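Novice: The residues making up each chain are set out below.
Number of protein chains: 2
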Amino acid sequence: MSILVVGSVALDSVKTPFGKVEDALGGSATYFSISASYFSPVKVVAVVGEDFPDRHVKLLQHHKIDVSGLKKVSGKTFRWKGQYLYDLNQAETLDTQLNVFADFSPEIPQSYRDSNYVFLGNIDPELQREVLKQVKRPKLVACDTMNFWIERKPQELKKTLKLVDILVINEGEARQLAGESNLVKAAKAICSMGPKALVVKRGEYGALFFNCARVFSAPAYPLDTVFDPTGAGDSFGGGFMGYLAKCGTLRDDDFRRAIIFGSVMASFNVEDFSLNRLSKLNWPLIRKRFEQFKKLTHFELLA
Amino acid sequence: MSILVVGSVALDSVKTPFGKVEDALGGSATYFSISASYFSPVKVVAVVGEDFPDRHVKLLQHHKIDVSGLKKVSGKTFRWKGQYLYDLNQAETLDTQLNVFADFSPEIPQSYRDSNYVFLGNIDPELQREVLKQVKRPKLVACDTMNFWIERKPQELKKTLKLVDILVINEGEARQLAGESNLVKAAKAICSMGPKALVVKRGEYGALFFNCARVFSAPAYPLDTVFDPTGAGDSFGGGFMGYLAKCGTLRDDDFRRAIIFGSVMASFNVEDFSLNRLSKLNWPLIRKRFEQFKKLTHFELLA
Chain D
27 MSILVVGSVA LDSVKTPFGK VEDALGGSAT YFSISASYFS PVKVVAVVGE
77 DFPDRHVKLL QHHKIDVSGL KKVSGKTFRW KGQYLYDLNQ AETLDTQLNV
127 FADFSPEIPQ SYRDSNYVFL GNIDPELQRE VLKQVKRPKL VACDTMNFWI
177 ERKPQELKKT LKLVDILVIN EGEARQLAGE SNLVKAAKAI CSMGPKALVV
227 KRGEYGALFF NCARVFSAPA YPLDTVFDPT GAGDSFGGGF MGYLAKCGTL
277 RDDDFRRAII FGSVMASFNV EDFSLNRLSK LNWPLIRKRF EQFKKLTHFE
327 LLA
Chain Y
27 MSILVVGSVA LDSVKTPFGK VEDALGGSAT YFSISASYFS PVKVVAVVGE
77 DFPDRHVKLL QHHKIDVSGL KKVSGKTFRW KGQYLYDLNQ AETLDTQLNV
127 FADFSPEIPQ SYRDSNYVFL GNIDPELQRE VLKQVKRPKL VACDTMNFWI
177 ERKPQELKKT LKLVDILVIN EGEARQLAGE SNLVKAAKAI CSMGPKALVV
227 KRGEYGALFF NCARVFSAPA YPLDTVFDPT GAGDSFGGGF MGYLAKCGTL
277 RDDDFRRAII FGSVMASFNV EDFSLNRLSK LNWPLIRKRF EQFKKLTHFE
327 LLA
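Taken in order, these protein sequences are the chains called D and Y. For any residue, its number in our numbering is found by taking its place in the first sequence, counting from 1, and adding 26. For any residue, its number in our numbering is found by taking its place in the second sequence, counting from 1, and adding 26.
Next comes chain D alone, as it looks inside the complex:
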């Protein structure tokens, strides 16, 4: 089943201890889409400027991503400039130029409106609700958010949370949103705001999935080279939603595998700059790393 994703498409300039790139393809919707495309058809809604290179659009199309919702408008593409020092968990933003993204108002093409799976990337919670108004009743709505919206638009965010099934959020932001340092209590508090389940992203420490009854814990894949963490969270989201849309059911087992597939995709993404690694995968590679996650976490019960 197909996935509708709304978010940013950006040109990123990133410096890590291992190198740097200038104006490379980035943005939450981009990482999400290419990641999810290995599992399910993806329809993207985003905005770019006139300077957005055609080859990036072609890359999305090469992954069978429907770009009829990718609007090109006059002005410049959203740009983000950041660096990672030796702590690769922590991006330092050097510059943000919203450009055409400042006036982004997502218009959902007719052909997208019956998407069963909707992922609301990290944009203004008011815009996230605008998206939901334009789609028919989806089977599953997940959304991402960040400290910026938690601080600036807490009431709007809470209105949005009432409408989503799953919130996908960083650990620190989950604590901030709940106003609670204990993560288990924070998860309960967030679930009482609307979402039926919560995915907590913990960077190199993996991810936790909370629903009312259960917790599932996934590690990050231990890599000997983490090249560039940019987009890891959105790649995770793409693998997570991609697998759910692929399997079509929402059982406990499905969510567990989805969290692992999210972790698989994030682990590939950080192996190179931009979409360089994520855009060159194939199903056997993905499946092999999924199986490596099994070896990484498996233990036998006592007889």
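Simulated from the structure, these hints should not be mistaken for laboratory data. Incorrect hints may appear among the rest.
For lysine-lysine, the following BS3-like pairs were computed, each having C-alpha atoms within a straight-line distance of at most 30 Å [unchecked claim]:
1. D/K179 - D/K98
2. Y/K272 - D/K320
3. D/K214 - Y/K41
4. Y/K272 - D/K211
5. D/K320 - Y/K185
6. Y/K211 - D/K107
7. D/K321 - Y/K222
8. Y/K107 - Y/K46
9. Y/K107 - D/K321
10. Y/K211 - D/K46
11. D/K272 - Y/K321
12. Y/K320 - D/K211
13. D/K188 - Y/K272
14. Y/K211 - D/K321
15. D/K321 - Y/K214
16. Y/K222 - D/K320
17. D/K272 - Y/K320
18. D/K211 - Y/K107
19. Y/K314 - D/K320
20. Y/K46 - D/K211
21. D/K222 - Y/K321
22. Y/K41 - D/K314
23. D/K214 - Y/K214
24. Y/K165 - D/K321
25. D/K222 - Y/K320
26. D/K314 - Y/K211
Looking from chain D toward chain Y, a few residues come up when the C-beta cut is under 10 Å (computed) [as the list claims (entries may be wrong)]:
27. V47
28. A117
29. K211
30. K214
31. C217
32. R228
33. E230
34. C238
35. V241
36. A244
37. A246
38. Y247
39. L276
40. D279
Because the structure is a prediction, the values reported are computed rather than measured. All C-beta atoms in this analysis are idealised placements derived from N, C-alpha and C, irrespective of residue type, glycine included.
Model the placement of chain Y on the given structure of chain D, informed by the hints.
Specialist: Just chain Y now, kept in the frame of chain D:
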């Protein structure tokens, strides 16, 4: 099979956001011993002062811990005073009084010398080697260390590492010891210093087990109340070594379960101050939480 542990026995004064205790039973050997005692017989080597309350010795004996190596000497018992603020991962030391521990020179009683499993708690690496000189060839030697020894006695520590099978260490200290921020590379570097395997303790993020061929990742148990993290690492060590000594073999499966049992014991320990929780467990409770770790991490492979 029995375990010999050498380490500190202390009186701790601890303050957390949830309360405080004064001169409560603590110390690495104490947490380790009581934790391990649920799995295997334990023989402890440590030193206390004349002020050490008899009831603490009785608590150890109640857990069938052999205290013939627990020396009482003139002077005061080692005291540690610390607090945890809202970040329960980070202890702030307010005061350390080594007292009788300053002149600790471990003497291994004859009846301890054929112990098959030896755990060298976090003491001076020279003393750790003194212990090894006094025991017959054990089946498995594990040791703990900390930033203090990495900074002050790096050469002595490296000599000790050549003699141990498994190093059990905190994540930050693993990075510090290896001089390498990437944990996978750090683990390889440490294994090249001598240990065949490495247990990396990550607090609320669980633990990783590295040996030359494999990595195993265990989460921490998600608790809605972490009361006092003091002793979590040593409780982990006790569950880990305790299970290995109980099962008697050293296969990959055994190490995986041992890491989970370590995580189980650490999760109980943080639920109350001092040894309050750890000293009141029983096998059905331990086994039940072990099974909960399975539910926490289990996912099915694809068909």
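Novice: All the hints need checking, so say for each whether the structure fits it.
Specialist: Outcome of the hint check:
{"no.": "1", "hint": "D/K179 - D/K98", "result": "holds (28 Å)"}
{"no.": "2", "hint": "Y/K272 - D/K320", "result": "holds (26 Å)"}
{"no.": "3", "hint": "D/K214 - Y/K41", "result": "holds (26 Å)"}
{"no.": "4", "hint": "Y/K272 - D/K211", "result": "violated (36 Å)"}
{"no.": "5", "hint": "D/K320 - Y/K185", "result": "violated (36 Å)"}
{"no.": "6", "hint": "Y/K211 - D/K107", "result": "holds (28 Å)"}
{"no.": "7", "hint": "D/K321 - Y/K222", "result": "holds (19 Å)"}
{"no.": "8", "hint": "Y/K107 - Y/K46", "result": "holds (11 Å)"}
{"no.": "9", "hint": "Y/K107 - D/K321", "result": "violated (41 Å)"}
{"no.": "10", "hint": "Y/K211 - D/K46", "result": "holds (22 Å)"}
{"no.": "11", "hint": "D/K272 - Y/K321", "result": "holds (24 Å)"}
{"no.": "12", "hint": "Y/K320 - D/K211", "result": "holds (22 Å)"}
{"no.": "13", "hint": "D/K188 - Y/K272", "result": "violated (51 Å)"}
{"no.": "14", "hint": "Y/K211 - D/K321", "result": "holds (19 Å)"}
{"no.": "15", "hint": "D/K321 - Y/K214", "result": "holds (19 Å)"}
{"no.": "16", "hint": "Y/K222 - D/K320", "result": "holds (23 Å)"}
{"no.": "17", "hint": "D/K272 - Y/K320", "result": "holds (26 Å)"}
{"no.": "18", "hint": "D/K211 - Y/K107", "result": "holds (28 Å)"}
{"no.": "19", "hint": "Y/K314 - D/K320", "result": "holds (22 Å)"}
{"no.": "20", "hint": "Y/K46 - D/K211", "result": "holds (22 Å)"}
{"no.": "21", "hint": "D/K222 - Y/K321", "result": "holds (19 Å)"}
{"no.": "22", "hint": "Y/K41 - D/K314", "result": "violated (47 Å)"}
{"no.": "23", "hint": "D/K214 - Y/K214", "result": "violated (39 Å)"}
{"no.": "24", "hint": "Y/K165 - D/K321", "result": "holds (26 Å)"}
{"no.": "25", "hint": "D/K222 - Y/K320", "result": "holds (23 Å)"}
{"no.": "26", "hint": "D/K314 - Y/K211", "result": "holds (22 Å)"}
{"no.": "27", "hint": "V47", "result": "violated (20 Å)"}
{"no.": "28", "hint": "A117", "result": "violated (16 Å)"}
{"no.": "29", "hint": "K211", "result": "holds (5 Å)"}
{"no.": "30", "hint": "K214", "result": "holds (8 Å)"}
{"no.": "31", "hint": "C217", "result": "violated (13 Å)"}
{"no.": "32", "hint": "R228", "result": "holds (7 Å)"}
{"no.": "33", "hint": "E230", "result": "holds (8 Å)"}
{"no.": "34", "hint": "C238", "result": "violated (14 Å)"}
{"no.": "35", "hint": "V241", "result": "holds (5 Å)"}
{"no.": "36", "hint": "A244", "result": "holds (8 Å)"}
{"no.": "37", "hint": "A246", "result": "holds (8 Å)"}
{"no.": "38", "hint": "Y247", "result": "holds (9 Å)"}
{"no.": "39", "hint": "L276", "result": "violated (15 Å)"}
{"no.": "40", "hint": "D279", "result": "holds (6 Å)"}
The structure does not agree with the numbered hints 4, 5, 9, 13, 22, 23, 27, 28, 31, 34 and 39 stated previously, though it agrees with the rest.
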